[in-house]
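With the sequences and hints as input, model every part of the structure.
Protein chains in written order, with the working numbering: chain S, 1 to 201; chain L, 1 to 256.
One thing to keep in mind: the hints can contain errors.
What the hints assert, rightly or not - Computed footprint of chain L on chain S, listed as stretches where at least three residues anywhere in the stretch have a Cβ under 8 Å from a Cβ of chain L:
id, segment
1, 24-35
2, 40-51
3, 84-98
4, 129-138
5, 143-153
6, 169-178
What the hints assert, rightly or not - Here are the simulated BS3-like cross-link-like pairs (lysine-lysine), alpha carbons at most 27 Å apart as the crow flies:
id, chain 1, residue 1, chain 2, residue 2
7, S, Lys196, S, Lys175
8, S, Lys135, L, Lys39
9, L, Lys250, S, Lys97
10, L, Lys30, L, Lys135
11, S, Lys175, L, Lys250
12, L, Lys250, S, Lys196
13, L, Lys250, S, Lys88
14, S, Lys74, S, Lys196
15, L, Lys117, S, Lys51
16, S, Lys193, L, Lys250
17, S, Lys135, L, Lys112
18, S, Lys200, L, Lys250
19, S, Lys97, S, Lys188
20, S, Lys74, S, Lys193
21, S, Lys105, L, Lys250
22, S, Lys97, S, Lys111
23, S, Lys175, S, Lys200
24, S, Lys51, L, Lys135
To be verified - Quick look at which bits of chain L chain S covers, simulated, 3 or more residues with Cβ under 8 Å:
id, segment
25, 102-116
26, 221-230
Note that these hints are calculated values from the structure, not bench results. We put the beta carbon where it would ideally sit given N, CA and C, even for glycine.
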Amino acid sequence: MAEMVRKSSVDEILNHWILAGSCILLMITGFAFLFHWEAVSSVFGGVNGMKTVHNYGGVVFSLSLLYSMRHYFKDALEYDADDVQWFKVAGGYLSHKVTVPPMGKYNPGQKLYYLAIVGAGIAIALSGFALWFMKDNASMLLLAHLVHNIAFIVFVIAVPVHVYLGTLANPGTFKLMVSGTLPLSEAKRRYPKWMKAAGKM
Amino acid sequence: MANDTTKNRKAILVTPEACIGCRACQVACKSWNQLPAIKTTNNGTYQNPPDLASAAFNIIQYNEVPSQENPVRWLFVSRRCMHCEDAGCMTICPSGALYRTAEGAVAYDRDKCIGCKLCVTACPFDVPRYDAENKVAKCNLCDDRITAGMQPACVKTCPTGALKYGDRDELISLAKKDGFNTIYGEKDLSGLGTIFAFKDEPKLYGMKENPTIPSSVVFWHTYLKPLSLFGLGGVVAAAAIHYLAIGPHKEKEEEV
Ligand code: HEM
Ligand code: SF4
Ligand code: SF4
Ligand code: SF4
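Put into structure tokens, the structure is as follows:
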């Protein structure tokens with residue numbers, strides 16, 4: 001068998017699915033609040049049940065988001081000249097003819113995506129807790145309502161892009177969030193700078 | 001931000017000039033809605049209870065205003081939900097508990113309310129209150145009585161005609177015919193369902209000038225809400241087009 005390289009650790013994979021699951025649950029119930037979708041609220045036994053699920057789902061999401069920082073935050077802050085070039089060729093997503101510069105463990109699109117989720121995630125979590133626990137402060141409630149909904153826009157746009165790029169657009173990527181490993185030859189081709197740093201190239 | 005306009009919209013017309021401050025309307029409302037008494041203390045005015053409460057859907061506001069003839073002029077106004085056409089409370093409610101009745105009033109389904117207290121932040125008149133279980137409580141224009149063909153309890157009991165219930169347009173033209181030049185609520189927020197006939201300045205009676213829904217709520221309703229759906233739809237459509245037109249990433253050997 002070909003030699004395998006581990007890209008995602010077991011706790012990273014586990015936390016990723018907790019984060020993704022809670023986030024999608026929150027987005028669905030959030031939409032159901034926004035547009036009064038009774039088909040969704042009835043699944044939770046009514047809108048009060050859905051509120052409880054949304055609120056405690058928010059707790060899970062917030063903790064999971066904090067935990068995810070140990071996996072991605074440091075990488076997401078580092079950019080080099082190849083990253084700039086990556087944007088010039090749009091990551092190779094708009095044409096298969098361009099030459100995409102060599103990448104490390106994550107490309108700059110992924111790194112900026114992570115920062116957007118952290119930023120919007122902190123905003124949506126803090127405003128969510130304010131909506132939950134500061135009901136008797138009307139101006140705080142109005143501000144939290146606005147922030148919660150602005151951050152929501154970031155999620156409805158960024159999350160589906162991420163899902164598409166992690167599945168259909170990049171065949172083979174999805175298994176990194178299942179088994180966490182990939183063959184060494186493939187790793188060398190897709191993440192040369194990471195493999196070099198790890199002494200495998 | 002107009003909510004679905006109702007034809008034959010009904011309204012309560014308050015004529016403060018005719019009000020004698022007897023508070024029969026307060027008692028009738030409590031009695032019909034089975035609301036408990038509220039313990040209050042004398043705070044130097046006859047206004048009692050001092051404000052709207054989860055057990056007080058209407059109050060008579062006692063405005064004391066100095067005049068040329070007298071050291072004080074007592075001006076009584078019945079305060080309750082305005083049943084706005086552009087109802088901030090209904091717009092912001094995330095549960096759908098607040099709804100518009102066939103008569104154009106803003107009523108609520110107590111079981112649906114999740115107690116988020118967003119409605120009071122979006123109400124220009126500081127009307128919604130919350131009971132011991134954090135559920136919304138306010139005037140619902142006696143929806144139960146009206147659907148049974150009766151008048152609202154407060155109107156029914158009013159001995160002077162200071163409260164009238166009926167067709168909104170008719171009430172307005174009647175009041176104008178009687179010489180009331182200012183109808184508070186005729187145009188505000190696309191028209192209120194509780195309207196007030198004045199000969200004096202409404203301000204004198206403590207009426208709010210130019211009531212508006214908070215701008216952040218208007219912004220959210222007009223832009224953010226639709227953007228969330230179109231944003232999601234747009235991204236899904238763009239992904240589908242990308243997949244078909246350009247296609248997924250292909251491994252190229254020379255990339256090594
Ligand atoms: C990905 C994360 C989240 C998404 C996508 C999301 C989305 C939404 C949306 C769209 C609404 C309806 C807004 C409205 O109609 O005003 C909402 C309401 C609300 N959210 Fe979130 N939310 C998230 C996280 C959180 C968190 C972390 C909390 C805090 C624990 C929270 C607490 C609330 C509260 C209290 C409400 C008001 C309704 C209610 O009481 O359930 N949310 N959320
Ligand atoms: S007065 Fe306030 S509670 Fe009544 S309908 Fe208008 S916004 Fe809603
Ligand atoms: S407190 Fe109840 S009625 Fe008011 S906005 Fe929240 S869910 Fe709607
Ligand atoms: S219309 Fe009914 S609920 Fe509203 S104030 Fe009058 S008696 Fe009370």
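**Message:** For the segment 40-51 of chain S, count the residues whose Cβ lies under 8 Å from any Cβ of chain L; is that count three or more?
**Reply:** holds (count 4)
**Message:** Between the segment 143-153 of chain S and chain L, are there enough contacts, at least three residues with CB-CB distance under 8 Å, for the coverage claim to hold?
**Reply:** Check passed, 7 qualifying residues.
**Prompt:** CA of lysine 74 of chain S to CA of lysine 193 of chain S, is that 27 Å or under?
**Reply:** Holds, because 16 Å separates the two Cα atoms, which is no more than 27 Å.
**Pair hint outcome, lysine 117 of chain L versus lysine 51 of chain S [Cα-Cα no greater than 27 Å]** = holds, 13 Å
**Request:** Test coverage of the segment 102-116 of chain L by chain S using CB-CB distances below 8 Å; three residues minimum.
**Result:** holds (count 5)
**Request:** Measure nothing beyond the straight line between the CA atoms of lysine 250 of chain L and lysine 196 of chain S; if it is 27 Å or shorter, mark the hint as holding.
**Result:** holds, 23 Å
**Prompt:** Counting residues of the segment 221-230 of chain L with a beta carbon closer than 8 Å to any beta carbon of chain S, are there 3 or more?
**Reply:** holds (count 5)
**Item:** Holds or violated: lysine 200 of chain S to lysine 250 of chain L, with C-alpha atoms at most 27 Å apart
**Value:** It holds: about 24 Å lies between the C-alpha atoms, which stays within 27 Å.
**27 Å limit on alpha-carbon distance, applied to hinted pair lysine 30 of chain L and lysine 135 of chain L** = Roughly 17 Å between the alpha carbons, so the hint for lysine 30 of chain L and lysine 135 of chain L holds.
**Request:** Verify the proposed pairing of lysine 51 of chain S with lysine 135 of chain L, using a straight-line Cα cut of 27 Å.
**Result:** holds, 14 Å
**Request:** Mind taking a look at whether chain L covers the segment 169-178 of chain S? Criterion is 3 or more residues with CB to CB distance under 8 Å.
**Result:** holds (count 3)
**Message:** For a C-alpha distance cap of 27 Å, please report whether lysine 105 of chain S and lysine 250 of chain L respect it.
**Reply:** Between lysine 105 of chain S and lysine 250 of chain L the Cα gap is close to 18 Å, so the pair holds against 27 Å.
Of the numbered hints stated above, none is contradicted by the structure.
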